[in-house]
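Based on the sequences and whatever the hints tell you, model everything.
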Amino acid sequence: MASTDPQESVQELSPLPKVLVPKIPPSFCIIGEEPFTSTKFQYLKAYESPLPLDQFLATHAHSVKAILSTASAPVTADLLQLLPAVRLVVTTSAGLNQIDLPECRRRGIAVANVATVYSADVADLAVGLLIDVLRKISASNRYVKQGNWPTRGDYPLGSKLGGKRVGIVGLGNIGYEVAKRLEAFGCCISYNSRKKKPYVSYPFYENVCELAANCDALIICCGLTDQTRHLINKEVLSALGKKGVIVNIGRGPIIDEKEMVRFLMEGKIAGAGLDVFENEPDVAKEFFALDNVVLSPHCAVFTPESVKDLSELVVGNLEAFFSNKPLLSEYVDE
Amino acid sequence: MESIGVLMTCPPNFPYLVEELEKRFTLYKLQNAPDKTHFINSHKNSIRAVVGNAGFGADAELIDQLPKLEIVSSFSVGLDKVDLPKCKEKRIRVTNTPDVLTNDVADLAIGLMLAVLRRLCESDRYVRSGKWKKGDYKLTTKFTGKSVGIIGLGRIGMAIATRAEAFSCPISYYARTEKPDVKYRYYPSVIELAANCQILVVACALTEETHHIVNREVMNALGPKGVLINIGRGPHVDEPELVSALLEGRLGGAGLDVFEDEPNVPEPLFGLENVVLLPHVGSGTVETRKAMADLVVGNLEAHFFKKPLLTPVV
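Chains as they are written, first to last, in the UniProt record's numbering: chain V, 1 to 334; chain U, 1 to 314.
It is possible that some hints are incorrect.
Below, computed lysine-lysine pairings styled on DSS-like, alpha-carbon distance capped at 27 angstroms [what the hints assert, rightly or not]:
{"#": "1", "chain 1": "U", "residue 1": "225", "chain 2": "U", "residue 2": "86"}
{"#": "2", "chain 1": "V", "residue 1": "45", "chain 2": "U", "residue 2": "138"}
{"#": "3", "chain 1": "V", "residue 1": "308", "chain 2": "V", "residue 2": "40"}
{"#": "4", "chain 1": "V", "residue 1": "23", "chain 2": "U", "residue 2": "133"}
{"#": "5", "chain 1": "V", "residue 1": "325", "chain 2": "V", "residue 2": "40"}
{"#": "6", "chain 1": "U", "residue 1": "68", "chain 2": "U", "residue 2": "81"}
{"#": "7", "chain 1": "U", "residue 1": "142", "chain 2": "V", "residue 2": "164"}
{"#": "8", "chain 1": "U", "residue 1": "133", "chain 2": "V", "residue 2": "145"}
{"#": "9", "chain 1": "V", "residue 1": "285", "chain 2": "U", "residue 2": "183"}
{"#": "10", "chain 1": "U", "residue 1": "290", "chain 2": "V", "residue 2": "242"}
{"#": "11", "chain 1": "U", "residue 1": "90", "chain 2": "U", "residue 2": "29"}
{"#": "12", "chain 1": "V", "residue 1": "308", "chain 2": "U", "residue 2": "134"}
{"#": "13", "chain 1": "V", "residue 1": "308", "chain 2": "U", "residue 2": "138"}
{"#": "14", "chain 1": "U", "residue 1": "44", "chain 2": "U", "residue 2": "81"}
{"#": "15", "chain 1": "V", "residue 1": "258", "chain 2": "U", "residue 2": "133"}
{"#": "16", "chain 1": "U", "residue 1": "307", "chain 2": "V", "residue 2": "180"}
{"#": "17", "chain 1": "U", "residue 1": "131", "chain 2": "V", "residue 2": "23"}
{"#": "18", "chain 1": "U", "residue 1": "138", "chain 2": "V", "residue 2": "23"}
{"#": "19", "chain 1": "U", "residue 1": "68", "chain 2": "V", "residue 2": "145"}
{"#": "20", "chain 1": "V", "residue 1": "308", "chain 2": "V", "residue 2": "180"}
{"#": "21", "chain 1": "V", "residue 1": "308", "chain 2": "U", "residue 2": "225"}
{"#": "22", "chain 1": "U", "residue 1": "131", "chain 2": "V", "residue 2": "258"}
{"#": "23", "chain 1": "V", "residue 1": "180", "chain 2": "U", "residue 2": "142"}
{"#": "24", "chain 1": "U", "residue 1": "290", "chain 2": "V", "residue 2": "268"}
{"#": "25", "chain 1": "U", "residue 1": "142", "chain 2": "V", "residue 2": "145"}
{"#": "26", "chain 1": "U", "residue 1": "134", "chain 2": "V", "residue 2": "243"}
{"#": "27", "chain 1": "V", "residue 1": "258", "chain 2": "V", "residue 2": "242"}
{"#": "28", "chain 1": "U", "residue 1": "133", "chain 2": "V", "residue 2": "285"}
{"#": "29", "chain 1": "V", "residue 1": "23", "chain 2": "U", "residue 2": "134"}
Read the hints as simulated data drawn from the structure, not as lab findings.
See the structure below:
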């Protein structure tokens, strides 16, 4: 039976190793596919095929050695079951929550993450959101642009950043970059992580509630796992208190969003800066009435510089893999 | 000390400052007077001090109307609204509020850089308008590593530099003279500085020499990818030229906390997504305004108790 899939004839002629791309990565749309290509491998773009994924895979499964994963294309146990030749998953997303890591480990499949490619941009956004919330930058810019300064007078005072106690939830690459920046503003850093970090001098709190009770601002920099889902709950928000501020550049579900909205509306916390939400792109409309909340459409990593750096890393990892060299950024769970 | 008259030339908007002054002195609020000239005339013999701020100080005309004036205590660090030579000539002391506001102003400068480059205000607007449901926001520009040029490397300029360094920004500066112990690159003119940096920030004092220090040529040198940040004084920048540079795309963006004619801001800037406009909030935190008020009151008390002034300029 002749195949109706045009990709199949290409594949049979080409000796290049194949990398499955289930869904189009946002970065391909942003800077084009060209920076991600290489003479050493070929992409098998499932999203360009008229066939549904499982049928597409039925035809190509035996040749797929690696998967290019994105946030919208989960790497599940079921998918891996269909691809017995896969030995590597490379992701373009900062988070790894869409990859079944235990299953990869079980099958001996290596995972290459984005390492520090995004860390500076995400850290910059976290700091920007914190300064914005404390100093009311977006709110007072709005005030001026609506013509209110001559008619309504001076804008209400903000709150000083210097000397604030900042609690970092998750002191990984991103958390560390946030801490380093905020130290230059005179903030006192402490943190909570799965484990205390041996070479770090910031005070460690084993429990997020205790961290919140001892800070003026919490910055969520950890990944989303079963353990961190709704980590920031009613108890933590209460401990943070009515002068406390929260910034989230991790994942929406780390915070119990309904509770956070309630706390904000009741004045039980002082403000929030959010790049991520539980149900993107739907954002609770209660936020829109609040001047002490700064909202960002999950774009912490989207600068041309980061996306270019990402393309080099993705190509570097895939080329290393296919020439049996060590990966540039292998994810190893501590 | 209740019999000592203090004239507040700025709007009496900060309750803490007003209360602390009223506890110690007889406070005359010029902005509340229907007829200012008459008001000054009525009280001129009891007014021995003036309290002003960034917007309202003590010019030659006012000083001449107050024969008993001994001290001007400004609720600001900038003294461009105080006639300093006249005060010197008449042996009138002048104090300001340095250091206590340095960090807040520097924090705001970096906040403005991040807000402009990463489009914080615009993307907040994007979410609030419901547009995110229809599509992602566009790319913004990375801040880390961008070169920052500082006009004026005083307290505030240095504080901006140390913060920007934490973002791996290479720092360069212009000042009247090169500073010997400073590791940053010096440029002998503002135009050379502007040509060699991506973010130019105004952090010097406003004097006759620095009026319009950022002019059309400087903005052209900074260029279509360059961003101007002003946390100094409005008159540092040629404002009509700034508006046309932004509208014509000759300048990449601007973050402004100060304007030539506050609280009036050029309306053509309102619709620009590469521009962030703030209502002169550089020192606008509860903590810092209180510290500034304490300095104003402290300086006045020191003067009238014949003790050394806390932060004298003249």
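Task: Satisfaction of hint between residue 40 of chain V and residue 325 of chain V, Cα-Cα up to 27 angstroms - done: Holds - the C-alpha atoms of residue 40 of chain V and residue 325 of chain V are around 13 angstroms apart, at most 27 angstroms.
Open item on the list: Run the distance test for residue 131 of chain U versus residue 258 of chain V: straight-line Cα separation, threshold 27 angstroms.
Closed with: Since the Cα atoms of residue 131 of chain U and residue 258 of chain V sit roughly 22 angstroms apart, the hinted pair holds (cutoff 27 angstroms).
Open item on the list: So if I understand the rule, the pair passes when the alpha-carbon distance is 27 angstroms or less; does residue 68 of chain U with residue 145 of chain V pass?
Closed with: Not satisfied, since the Cα-Cα distance of roughly 43 angstroms exceeds 27 angstroms.
TODO: Take the C-alpha atoms of residue 142 of chain U and residue 145 of chain V, compute the straight-line distance between them, and say whether it is at most 27 angstroms.
DONE: Given pair residue 142 of chain U, residue 145 of chain V holds - Cα atoms ~25 angstroms apart, limit 27 angstroms.
Open item on the list: Checking one constraint from the list: CA of residue 225 of chain U to CA of residue 86 of chain U, max 27 angstroms. Satisfied?
Closed with: Roughly 43 angstroms separates the two Cα atoms, so the pair is violated.
Task: Given pair status - residue 138 of chain U, residue 308 of chain V, alpha carbons within 27 angstroms - done: holds (15 angstroms)
Open item on the list: residue 290 of chain U and residue 242 of chain V were given as a pair; does the straight-line alpha-carbon distance stay at or below 27 angstroms?
Closed with: holds (21 angstroms)
Open item on the list: Check whether the Cα positions of residue 180 of chain V and residue 142 of chain U lie no farther apart than 27 angstroms.
Closed with: Given that 27 angstroms is the threshold and the Cα spacing comes to 17 angstroms, the pair holds.
Task: Given hint residue 285 of chain V paired with residue 133 of chain U - CA-CA distance at most 27 angstroms - done: Roughly 13 angstroms separates the two Cα atoms, so the pair holds.
TODO: Take a quick look at whether residue 138 of chain U and residue 23 of chain V sit within 27 angstroms of each other, Cα to Cα.
DONE: Given that 27 angstroms is the threshold and the Cα spacing comes to 20 angstroms, the pair holds.
Task: Restraint status (C-alpha distance of residue 308 of chain V to residue 225 of chain U at most 27 angstroms) - done: holds (18 angstroms)
- [ ] Could you grab the alpha-carbon distance between residue 258 of chain V and residue 133 of chain U and see if it respects the 27 angstroms cut-off?
- [x] Roughly 20 angstroms separates the two Cα atoms, so the pair holds.
Hint compliance for this structure: hints 1, 9, 16, 19 and 26 are broken, all remaining hints hold.
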